[in-house]
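Chemist: Residue numbers (this note's numbering), protein chains in the order written: chain A, 1 to 270; chain B, 1 to 408.
Rather than coming from a laboratory, the hints here were simulated on the basis of the structure. Keep in mind that a hint or two might mislead.
As the list claims (entries may be wrong) - Derived lysine-lysine pairs resembling PhoX-like cross-links, with alpha carbons at most 25 angstroms apart: (1) A:LYS43 / A:LYS32; (2) A:LYS166 / B:LYS269; (3) A:LYS74 / B:LYS10; (4) A:LYS251 / A:LYS202; (5) B:LYS395 / A:LYS74; (6) B:LYS185 / A:LYS188; (7) A:LYS81 / A:LYS114; (8) A:LYS199 / B:LYS167; (9) A:LYS81 / A:LYS91; (10) A:LYS202 / A:LYS32; (11) B:LYS323 / B:LYS140; (12) B:LYS395 / A:LYS166; (13) A:LYS74 / B:LYS167; (14) A:LYS74 / B:LYS266; (15) B:LYS140 / A:LYS202.
Unchecked claim - Chain B stretches covered by chain A per the calculated footprint, using a threshold of three residues with CB under 8 angstroms from any CB of chain A: (16) 13-23; (17) 30-40; (18) 179-185; (19) 292-305; (20) 328-337.
Computed from a predicted model, the values in this text were never measured in an experiment. Where a beta carbon is used, it is the ideal one built from N, C-alpha and C, also for glycine.
Here are the chains, one letter per residue:
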Amino acid sequence: MLNRIAEKFGELARKRECALVCYVVAGYPTTKTSRQVIDALVKGGTDVIEIGIPFSDPIADGPTIQAASNSALKQGITPEKALQLAKSIRKKYPTLPLLAMTYSNILVHAGVEKFMGQAKSCGIDGFILPDMPIEEAEAYSAAASKLGLATVFLASPNTPGTRLQKIVDSTTGFLYLVSVFGTTGARKSFEDYTLNAVKNVKQATGDKVPVAVGFGISTPAHVKFMRRAGADAVIVGSAIIERMAKSSGKKMSKEVDEFAKSMKKACRMP
Amino acid sequence: MLGNYPVGGKFGRYGGKYMPETLFPAIDELESAYEKYRNDHEFQKELSSYLTEYAGRPTPLYFAKNLTEHAGGAKIYLKREDLLHGGAHKTNNTLGQALLAKKMGKKRIIAETGAGQHGVGTAIACAVLGLPAEIYMGAKDVERQKLNVFRMKLLGAKVHTVQSGSKTLKDAINEAIRDWIANVKTTYYLIGSAVGPHPYPMIVRDFQSVIGHEIKQQMQEFEGRLPDVVVACVGGGSNAIGSFYPFIDDTDVMLCGVEAGGEGIKSGKHSATLAAGSEGVLHGMFTYLLQDECGQVIETHSISAGLDYPGVGPEHAMLKVTKRARYVTCTDDEAVQGFLTLSRLEGIIPALEPSHAISYSMELAKEMDKDDIIVVTLSGRGDKDVQLVQDYLDKSNGAKKKKEKHAK
């Protein structure tokens, strides 16, 4: 539901905190591990969870998420099973904002409204579709509005002003600003154009929706950089997967928990 | 009138722009540049001079007398795109788009390739126009089309081997799109078939329509009338749409696309997207796809790498549902028979892709009258496939001998 997202962002705004949004590939390396990772992330202070539903052709993703998605698909993950994962997370964390991130065809193939309805009944609060532009979103937005789900649209550093305004008008829950020219994946540093893009998008959104910045964010220093620019939230994905690949079991949970804590700490800095 | 599509970036319900936001400024820029140059006399003159003086247009329309006698029915004409510079119809599109990219001031060209024909076509156009080219090609295709990899390198292009996903054409497109996202300001993505987000399916169709326009004119010269049927093979569908489009409002002309039936539709090992697929979104377009029950795009199979694609151009999807064109399939075995027959009877070694169309045309001709006319687009020459066909024949001869031995 949109409410869970709005309440969380409202609460953080009052505390002048930046939201930590974490992305997990459903079924990577197993569904059980996905659950463990989400537990560790929530324990570490994560505010919003994005469950990635793997798609065979993830054109907006870099090598890390591609490999994780591919591996999850080989292990037999399906959209149905990913929603079951969401259902178990929802049961455990009744107020946690939970979004599904996937590609258009997963919805289009199943039937947009039908799939979104199923997702809602499993506790999903909204969707992020990196290949769904505002031009093609009529049925998607209508279904979401009927169901009370968020449709998070993306903007990019090169999005022109008039188009940006249309995206701001269409997006609900928050706006997802892609930080860089490129695909997802941990980066060493960001350039000035990202700083300017965050400032620009913040100005365009005003008080309408919060702005979350994602792609490449992998260190507390990055979080501080985005905060200084004015971001309301930071989205972290590949950096978590990279940590998962290094260890397993309790050690992995501890590693992920500590990573989330370090990122959340940077979110709280004045 | 079907000839007026696309409308608002769509062919009926198909097409669209399902793309990451970062690419929209580039897509919009391309759309307005194309609007400007498609009606620009100077641009068209320059392209036309490259097509004639450099690439060898018009290509002949050849009456295949021996093939016609062999089939024993309708007259079969071959549109000889195999004689175009580069050895396939791809050069029509690569010269057009590379020239457009140059006018747009783009400094770097990227492209994907399956069989390697579009990669070679891109490398040719970029060499002559002085543009650097980088080609993405699936690791499996690099392995089975070594000759074309070497040709691209000879022509000065850089070849990137793609290891992701199924390591074939669809993954090469994914990787090219990722490159485009990262280098959107400087880079022109020169897509090789009538697929992708709008305006690509339209641009590629327009540049390939020179095939159909020439067929029309040459038919008037030879026969004083239009053909009864136009047949072309369909992977992404660029040579087919280029052959069909000028006839789209001539509703007496039957348009027939031949897809790769691989080892047969029932085997599940095929690339027959229109015949056996369902609607979905891939590579920026809403079209027919080969996908599983969850909407995951599945691996395709065809003896010809150029037809090995799980999607199809959105205009073909529209022509299928409006029934303006019909789509049939032809198996690997039948395509190889077409390949062998044309080689022996006409002294023309066709690529395996149009061998599908040749094979189907022979079947179709049998059912038609002697004064009926079929035009088949022979979209490329077969040098690249000679080794592959030899291996295929050795394998099937081996299997036959084994069977005979068992029977004894």
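Chemist: For the pair supplied as a hint, LYS74 (chain A) and LYS10 (chain B), is the alpha-carbon distance within the 25 angstroms limit?
Modeler: violated (34 angstroms)
Chemist: Going straight from one Cα to the other, do LYS199 (chain A) and LYS167 (chain B) come out at no more than 25 angstroms?
Modeler: Distance ~40 angstroms between LYS199 (chain A) and LYS167 (chain B) Cα, so the pair is violated.
Chemist: Keeping to a limit of 25 angstroms between CA atoms, is the pair of LYS323 (chain B) and LYS140 (chain B) held or broken?
Modeler: Status violated; Cα separation ~35 angstroms.
Chemist: Given the hinted pair LYS81 (chain A) and LYS114 (chain A), is their Cα-Cα distance within 25 angstroms?
Modeler: holds (16 angstroms)
Chemist: Please check whether the segment 292-305 of chain B has three or more residues whose CB lies within less than 8 angstroms of a CB on chain A.
Modeler: Holds, because 5 residues of the segment 292-305 of chain B bring their Cβ atoms closer than 8 angstroms to Cβ atoms of chain A.
Chemist: Is the straight-line distance between the alpha-carbon of LYS166 (chain A) and that of LYS269 (chain B) 25 angstroms or less?
Modeler: Violated, at roughly 44 angstroms.
Chemist: Taken at face value, is the distance from the CA of LYS32 (chain A) to the CA of LYS202 (chain A) at most 25 angstroms?
Modeler: violated (38 angstroms)
Chemist: Confirm or reject the coverage of the segment 30-40 of chain B by chain A under the rule of 3 or more residues with a beta carbon closer than 8 angstroms to the chain's beta carbons.
Modeler: n = 0 at 8 angstroms, threshold three: violated.
Chemist: If you draw a straight line from the CA of LYS43 (chain A) to the CA of LYS32 (chain A), is it 25 angstroms or shorter?
Modeler: holds (17 angstroms)
Chemist: Holds or violated: are the alpha carbons of LYS74 (chain A) and LYS266 (chain B) at most 25 angstroms from each other?
Modeler: Roughly 24 angstroms separates the two Cα atoms, so the pair holds.
Chemist: Holds or violated: LYS140 (chain B) and LYS202 (chain A), Cα atoms, limit 25 angstroms.
Modeler: Outside the cut-off at roughly 46 angstroms; violated.
Chemist: Do three or more residues from the segment 328-337 of chain B put their C-beta atoms closer than 8 angstroms to C-beta atoms of chain A?
Modeler: violated (count 0)
Going down the numbered hints, you'll see the structure goes against 2, 3, 4, 5, 8, 10, 11, 12, 15, 17, 20, while the others check out.
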